[in-house]
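K.L.:
Chains as they are written, first to last, in the UniProt record's numbering: chain A, 1 to 1240; chain B, 1 to 387.
Hints are not guaranteed to be accurate.
[Claimed, not checked] Under the rule of at most 25 Å between Cα atoms (straight-line distance), these lysine-lysine pairs were calculated in the DSS-like manner: (1) A:Lys927 / A:Lys892; (2) B:Lys222 / A:Lys101; (3) B:Lys351 / A:Lys16; (4) A:Lys341 / B:Lys317; (5) B:Lys222 / A:Lys16.
Source of the hints: derived by calculation from the structure; they are not laboratory data.
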Amino acid sequence: MYFLSGWPRRLLCPLKGSEKPFHIQPDSRRLVFALLSQTQISLWYSRPSVLIVSYKESAKAASQFGSYERTEWKPDSSMIAVATANGYILLFDIVCSGQEKCLYEPVYPKGNPRVKVTPGYKEEQCAPSLTVEMKKVLDFQAKITSLQSMQDDLVIATNDGILHLIHWDGLTNGRKAINLCSVPFSVDLQSSRGPSLDFESVHIQDMEYGSTLDGFAVVFDDGRIGFVTPVSSKLTAENLHGVWAQEITDGTCVAVNNKYKLMAFGCANVFGAHLFCTLGGDFAHYSDGTKKEPMKISSMIHSTYLESNWPIKFAAIDQLGQCVAVAGKYGIAHYALFTRKWKLFGNITQEQNMAVTGGLAWWNDFIVLACYNLVDQQEELRLYLRSSNLDNVFAHITKVQSETLLINVFKDMVILFRVDCSICLYSIDRKDDGPNPTASVQVLQEVSMSRYIPHPSLVVSITLTSVRTETGITLKMPQQACAAESIMLNLAGQLIMLQRDRSGPQVREKDSVSKQKKLLPFCAPVVLAQCVENVWTTCRSNKQKRHLLEALWLNCGEAGMKVWLPLFPRDNRKPHSFLSRRIMLPFQINIYPLAVLFEDALVLGAVNETVLYDNLYTRNNEKEPLEVLFPFCTVERTSQIYLHHILRQLLVRNLGEQALLLAQSCVTLPYFPHVLELMLHEVLEEEATSREPIPDPLLPTVAKFITEFPLFLQTVVHCARKTEYALWNYLFAAVGNPKDLFEECLLAQDLDTAASYLIILQNMEVPAVSRQHATLLFSTALEHGKWDLCRHMIRFLKAIGAGELETPPPTPTHQEPSSTGGFEFFKHRSISFSQSVEGLSASKFNLQKTLSMPSGPSAKRWSKDVDSAENMYIDEMLWRHARRLLEEMRLKDLSSFAAQLGFELIGWLSKERTRAARVEDFVKALKRLHNDFLWPVPVIPSSCLVNSPFKNGKYKTVGEQFLNSQSTEPFVTSDLESGVINAHAGHICLSLNTAHTQTDSGSLQGPQTQDAILSPLLSKGDECSIGSATDLTETSSMVDGDWTMVDEGFSALSLTQSDLEYISMELANKGPRKSQVQLRYLMHIFMEAGCLEWCMIIALILRDSAVICQIISSIQHSEVPTDILQGIKSGMLAVDGWALADCPGYKPFLNRIKPQLQKLNEITEEQIQPEAFQPLSRVSISKTVEAPSSWTEDNRNAASHINSSQNDGSGITSRPEDDGQEEEEEQQLEDEGSYECSVS
Amino acid sequence: MIEVVAKLLRGPVFLTGEVMECVITFTNPMTARSTSASSEMLAWASAQIHCQFHTSESRVALPPSEDTKHDVQAENETVFVPNRGERGKCILATPPKILFCDLQLDPGESKSYSYCEPVPLDGPPSFRGQSVKYVYKLTVGCQRVNSAIKLLRVPFRVFVVYGLEDYQFPPDEAVAPTNPFLDEDENIKKDTRLVDLATEMLMTSTSRRSLHLYNITNMRGKVGKFCIFKTIYKIGEDVVGTFDFSEGDIPCLQFSVSLQTEEHVQEEYQRKPGQPVSLSTHARHQESCLHTAKTHFSLPIPLSATPSFITTVVSLKWRLHFEFVTARDPVEPPTVLENQSEIITWTGAGKIDVDTFSWDLPIKVLPTNPVLASYVSQFASSNSITI
């Protein structure tokens, strides 16, 4: 396969003349090419592309011969023949001139640094000096239509139907002429005397000799084509035999591929199809065959190596895709990706004395190569170690008896194909005894193939594989799965397999232990496939992916790719007798495959891409620049999935079980959903658009197959949305009713997929049905907190209400995975809910307004069509959901819900103040908040707990980082009940900026030892309280880019045990900063809405006595329903009781707010009375709810009541609090929250 | 035994200002059934990003540091010093973040922590030059009670996209939502926005093509024309240029184009005054072009190369370095006359007296999308230690 790269180069003839060149003919080695114009022949060197010599006929001779027409080289490039218009053949000798070895040698001025160039450089960069001398003129007296070199002879066809044979030296053997009429032609070679053809008046117009074909491919002037071959070695009229192709009458030209034994005939005029020939690139591009990501690395081959050894003939990459070795004319060079360095021969003589002939390969850390040693004139097999210097000292060299044409490595074996048509297997062993590891090779087995191979150059590739025809053996003996079981040989496109012969007596286990492993002979070759360009197998094994790994992958050119897939009986049972062991499946890809990623079910390949530069040239130059005439060509490497083709083929062949096994081994691949989708889509498109009825449709089978995977629902709907509406009925007839599928999605809680089905339903069902389903989905989405979906559903429902169903909403919101499989999705046919940009940003905006103006403009959210029943309906649903969340005490969920959907929380809460916003169980609510906001329950310093029963309780920290924590265990919940520190008494010290931790216990107070659990004082250590781990060193040096500031205040963190304890404490007592902000925000909301019970609970969790004061005072100054007051009072009692019993950490705070609680008691006592006498007060309160600020100030009653109940229950004696310290802490807490609480 | 694995999910390449996320997993590898299985304790673990700066003694002279005792800490293994044992100086360090204190892992148990930290905005890009090196690392320190601190280092690569600060967040974005229940996904969005923004900015500044034509002339006359289609590239792109020698008076025998970086130490820090810049060649194209009218080259800028940058100590500039080998004497092309009575043969000259001259064309090389660069990074995105 050829890829174009860059632009063509344009050469400049240094001679000025009027004749235009019209014909190019390269010599056999492509080193020199001849250029013909009317009366002039010029020889050019190809690299560098310079004119060597030019010869122009004298005027007299030119008029005799006529103008030059075509030319042909002698195979050894020592002569060239020119055919002229008047039927002459001119033979020229090409002689190396004596004096000058090379041309255009630059002579640098003295002292120029360029003089010191690498040895060998000069010759490589210069063209040889040649002269052209006319040697002989032959007159054929007829127009010469074609001339062709054939070994020592030149074959000339003339328009009188005669083939002339002349010897290249033109003298010794004279000439022979064969009249085409005397050559017998038949339709194939077997029937020696076919129907006689009339070749009376025809002549050969074009011909080419094929050495491996041993004959000429010919085109006759009447457009017929054929092949002429000598029956015996002598090319005489009697021995010639021809074959002609029936029915072809429009042949114009011919080309032969000797490697693949191909003849290509041009039939018809060719319009505009140009063929480029590139001389080979200087870049190595590798796509790594083992890693998951196709790598896109290009690296330039070291120029020193390239200049003296151009062109690169072989390249090999190691297993890990990290090392590359290349071989040019002489020597080798290798490169490692991880060092980004090339290694060349240190000794240039060693490099120039070795020419790689058979290619190279990596074996672990070694480069294995087959080469010719120019000094010893000996064929060799060499191994070089990558890590050591590239030097023959470190090479392991084995002599080989004849030239190696191909080399390959399989596990610890090297396989060679030699010019004598034999295959040789070697084993490689690594030895680590010396300072450098060495490797040695040993002959294992030789197999002669001369019986099967007509010409060694026809062998394209040779590989050892573990592939066998019958998979049963590998099933029984899995260890053999990776043995070198067979040889794969590509003979001119025919893939031939030689399997080890296991029919003979099997070698017993103990025999095989003997040192000289007896290798089994090979069976007779079997042809597996035709037209094979490339073969891939692997010796890796993976029990989960046996289908993919044990398959043989083929690239068959125009026929696409093929896979020789093993078939396994399910559960390793005995295979069914009718089940063959392997199956050959063809599939098409639209890239040129370069590598197969076995496990990933991917093919990596290349495509030619072009970049246009023509738009840059707006002003018209006198000559069209190349950049305008030609696009810039690049080779792009890409990947393609193919699995859907194979699965489908298996299903067609009733191998559903195999398809399932194969597919199940690939479910973890990221593009597996896409594979299913592609398969469904392709079959659907084909069968639904078929003009004729399909007798045995595949779609039901494919649908049934996909139901085996959890992705079924998703696959179907994605496929539907990429398909025209007209095909939907056909699709759903096969896969099932979309309503049922929608419900299945809901059951499976796959809401996004359900939403996709809704669009299907919207198009296929009446509005009432889609509305009903939309409602169902909406409430489920609310429950799952799928806010984007909720927003879409709100729009969707509104659209139904507004009667917009007739016009399907345009833009898609769900990003469908883009297609890489090569079919066009229907981009224009996408349907979705979203109609306007009204989305997240809008709701955010509303929310901000909500905060500032609690009852006002947020209601405008639905103001567009306030009257719409749909809006009422939606609002009802939102209210219902909010109520449920609140009743279930899910404040966090409620807040997220309100924030995300722009739900006006304060107004709604005000309405619910006496209903859903009541709190029945304070303790439960408190626990729930602790849990939901990852807020730790307070902990008493360990020193206070010396005698505590919680001494051995587990202790866990909760820090800010934990919000993102991936920990599998919910870190707070389990420890909530016993959040007690278990650590040694000690002191706390935090050292910043300095290295030496001065743990001076005197400088900081440790927590004072207290009596019991009752009221531990928070130690003064709190003064240097740390909010989170991050704050710890915020004051430490943050050095910017200026290096001069280095070291001045280098930040280091030093932690002693006591530090740790301290930090732990801090982390334990305070939740994540974010939760704190959220809780304070909530507090504000509930305060605004007048939901005092919740305010109390949030204040408790924040341990904010100031807020408690505010609540109490607001109770005092406003009319609060008695049952709410009672609720707060009993709730606080319950909390107190719980703290005493289960959570002593709360006690200090509860004690601190005792005065406030007492006040509360007083108020409740006072209010009980009026309520008894004024049963209507409740009604009036609910009226005033809308305007909390208008609450009238209540009379203060002097009646006081000692909170006996609290003391009764607990039996705790309270201590006077250190108020100053508390104040400080409160201050601090307030600073950290960003919301100020104030009650209007 | 505890295994600590740090994994950079997005790959090991980041922009300055971008939040790097590293998932650090602590595992007690013993299976619960194993007889020797027991719970393992770690006192604490902490993580920090730092940038280490290393200079070549022979090329860079830094003023003596005021604090000469900076290495004292490095010896102390009970202090968390992220660059302990490393050469050079730490020029940037984020505040250390504590991942946890007192972690207990039962046999088979594993816990993961996500460390998120913005890569400091004002840092230099990662660079390994001949005079200076800037190396970024994330260091995870962890300690068992009464043992030395163990460090796990995760090197990563940093790109600086100049001008991104001005480009950043449009004014309306600045009005962040005040509802604390909304900002959950905001940070993630902001971060991907940064990469998107940078990619977009790089795209706009490198995708524009225009014709830049240069006449190549030496003192003897006109040699040819050089054409390049843009002068600002991203790493990973190919530099494509064309030559036209068809209208030159002076034959050009050879040319070479090298893609080079110049590493220039700022004057005040040069060891020797006027010391030459350090050059390194990343790709080279050489061609013989005596009878060539038009040709071109395509040089890949390695994805692993450092884009152009400048710090107070060093600057890195990219250029194309050209060398031409030209004939000393202008050659008038010989004319082949028609209808001559004699055979005419023409043979090329054996030797040509030549001159050499060179030319430099500065180009700009910018970073690329960090995700793209991650594919070919020499750093593994996951590192581990066992303690």
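K.L.:
Compare the structure with each hint and give your call.
P.N.:
Here is what the structure says about each hint:
no.: 1; hint: A:Lys927 / A:Lys892; result: holds, 13 Å
no.: 2; hint: B:Lys222 / A:Lys101; result: violated, 30 Å
no.: 3; hint: B:Lys351 / A:Lys16; result: holds, 21 Å
no.: 4; hint: A:Lys341 / B:Lys317; result: holds, 22 Å
no.: 5; hint: B:Lys222 / A:Lys16; result: holds, 19 Å
Going through the hint list in order, the structure does not satisfy hint 2, though it satisfies all others.
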